[in-house]
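Same order as they appear, the protein sequences are chains X and V.
1 is the number of the first residue of the first sequence in our numbering; add one for each residue after it.
1 is the number of the first residue of the second sequence in our numbering; add one for each residue after it.
Keep in mind that the hints were calculated from the coordinates and are not lab data.
A couple of the hints might just be wrong.
Note that identical chains are pooled: a pair holds if it fits in a single copy or bridges any two copies.
What the hints assert, rightly or not - Simulated crosslink set (DSBU-like; lysine-lysine; CA at most 30 Å straight-line): (1) Lys117 - Lys152; (2) Lys117 - Lys216; (3) Lys171 - Lys142; (4) Lys117 - Lys171; (5) Lys216 - Lys142; (6) Lys152 - Lys216; (7) Lys142 - Lys117; (8) Lys142 - Lys152; (9) Lys171 - Lys152.
There are 2 protein chains.
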Amino acid sequence: MNKQMPRLEVCLSPALLHLYDTEGAAVVIIDVFRATSTIAAALYNNARAVIPVASIEECIELGNSIENSVTAGERNGHIVEGLQYGNSPSEYTRDFISGRTLVLTTTNGTRLLHMVKGADSIVTGSFLNLSAVCDFLLNSNKNVLLACAAWKDRFNLEDTLFAGAVVNRLKGSFDINCDSARAANALFENMGSRRPIELLQDSSHYRRLAAYGLEKDMEYCATIDLHPVVPILQGQELIIHQPNQ
Amino acid sequence: MNKQMPRLEVCLSPALLHLYDTEGAAVVIIDVFRATSTIAAALYNNARAVIPVASIEECIELGNSIENSVTAGERNGHIVEGLQYGNSPSEYTRDFISGRTLVLTTTNGTRLLHMVKGADSIVTGSFLNLSAVCDFLLNSNKNVLLACAAWKDRFNLEDTLFAGAVVNRLKGSFDINCDSARAANALFENMGSRRPIELLQDSSHYRRLAAYGLEKDMEYCATIDLHPVVPILQGQELIIHQPNQ
Chain X
1 MNKQMPRLEV CLSPALLHLY DTEGAAVVII DVFRATSTIA AALYNNARAV IPVASIEECI
61 ELGNSIENSV TAGERNGHIV EGLQYGNSPS EYTRDFISGR TLVLTTTNGT RLLHMVKGAD
121 SIVTGSFLNL SAVCDFLLNS NKNVLLACAA WKDRFNLEDT LFAGAVVNRL KGSFDINCDS
181 ARAANALFEN MGSRRPIELL QDSSHYRRLA AYGLEKDMEY CATIDLHPVV PILQGQELII
241 HQPNQ
Chain V
1 MNKQMPRLEV CLSPALLHLY DTEGAAVVII DVFRATSTIA AALYNNARAV IPVASIEECI
61 ELGNSIENSV TAGERNGHIV EGLQYGNSPS EYTRDFISGR TLVLTTTNGT RLLHMVKGAD
121 SIVTGSFLNL SAVCDFLLNS NKNVLLACAA WKDRFNLEDT LFAGAVVNRL KGSFDINCDS
181 ARAANALFEN MGSRRPIELL QDSSHYRRLA AYGLEKDMEY CATIDLHPVV PILQGQELII
241 HQPNQ
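Here chain X stands alone, though its shape is the one from the complex (with noise of 0.2 Å):
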């Protein structure tokens, strides 16, 4: 173990996180179905900014004061009424979503996101920007949490998978004594050939939206690198992160 290596965490679930210290870390906040990968994708294809928000009435409201924005948000599968778009990855193509500001209202990750304090970076990951994310935790050289958005806090499938994707891949440039990163990164070696989508489609997640005809939009979460960009966290908004600024 090198002593001058910086720490990397893995939180499983939000009622955990008060066990982890986030001050002055690169936070990564892990909503894979579907929060952080519509974020991936919407900035990917040149929205200008995403602004996650936790309630409706939120939501409606600063989609009527942001000029050319879009409101969007899902509960139990649907569009929530008065919101005018879903929570789908695919929705968010370049031609609909290029210039605008997308604001999103999500349960899980748009709590999580909120909870972190004194972070000195929060990002969003997703199997979409996994390896964009671990370049960004190479270059920053802070400690890293690894904040799993999980599903009412119950612990989930996807998130610690995507988590024990980068620990597998950061695990030698960083000092990791966290059982969490170690169990996701056994659940990620298990997974062998594998592609992601078939270990998720045994998942508590994956059963609750099949049910409501998404599992196009969870193979689409599960593709890896497809949007290599890191959304960054600036005041209220996520943008993408400019690695020389």
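Fit chain V to the supplied structure of chain X, relying on the hints for placement.
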């Protein structure tokens, strides 16, 4: 998925226990390093009962009021002042503990045990009694919650690996729609042909206890089926479950 099968879930930390319904369930308390291993050892070696208590004061008080009792507990790897013995399963040989009542204070495991509400039964599990616990759960035909004691609410590898071993054996007989159970099983599967101790040597708790010279204790705790008994809570006491009663 057979709707007739009872449900099996895994809770990875006491901080997540409120998310699970334990009403009428068989709950397995898991604190591999070392409370539930010591409990299995003491009862297998014919202790009359084990009384798990949260505080040192309560331990001393009960020890004074119960005839032929032994008080035990450690904090930071040392026997607590005022108590007689430690938290090492190898201390509780038949010669020593037979017929006596062990009053044991531990932090993580005891606290979790007292948090469980409305269960049909509360038993304790460890590698030392893996098969006995699995047989008990198969015979009980109740919903099952495998509850990991963790370490100060932090996810830990040893309790989750044990939960994974149980899931792996029972998955054909229970309805498992719980991502924690899936991940625990993947952790167990990823162990492959290695012995549990080989995996656990790279865990936070192993490192912590090894710093106190407790490597042999942990090797003991990782031995499968050395003490095939099922400790079950009756009132405030853990005693051996008798299958045909």
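Structure-based check of all given hints:
| no. | hint | verdict |
| --- | --- | --- |
| 1 | Lys117 - Lys152 | both (20 Å within a copy, 21 Å between copies) |
| 2 | Lys117 - Lys216 | neither (35 Å within a copy, 41 Å between copies) |
| 3 | Lys171 - Lys142 | within (14 Å within a copy, 41 Å between copies) |
| 4 | Lys117 - Lys171 | within (25 Å within a copy, 40 Å between copies) |
| 5 | Lys216 - Lys142 | neither (36 Å within a copy, 37 Å between copies) |
| 6 | Lys152 - Lys216 | within (23 Å within a copy, 40 Å between copies) |
| 7 | Lys142 - Lys117 | within (15 Å within a copy, 42 Å between copies) |
| 8 | Lys142 - Lys152 | both (29 Å within a copy, 25 Å between copies) |
| 9 | Lys171 - Lys152 | both (29 Å within a copy, 25 Å between copies) |
This entry does not satisfy hints 2 and 5, going by the numbered hints stated previously.
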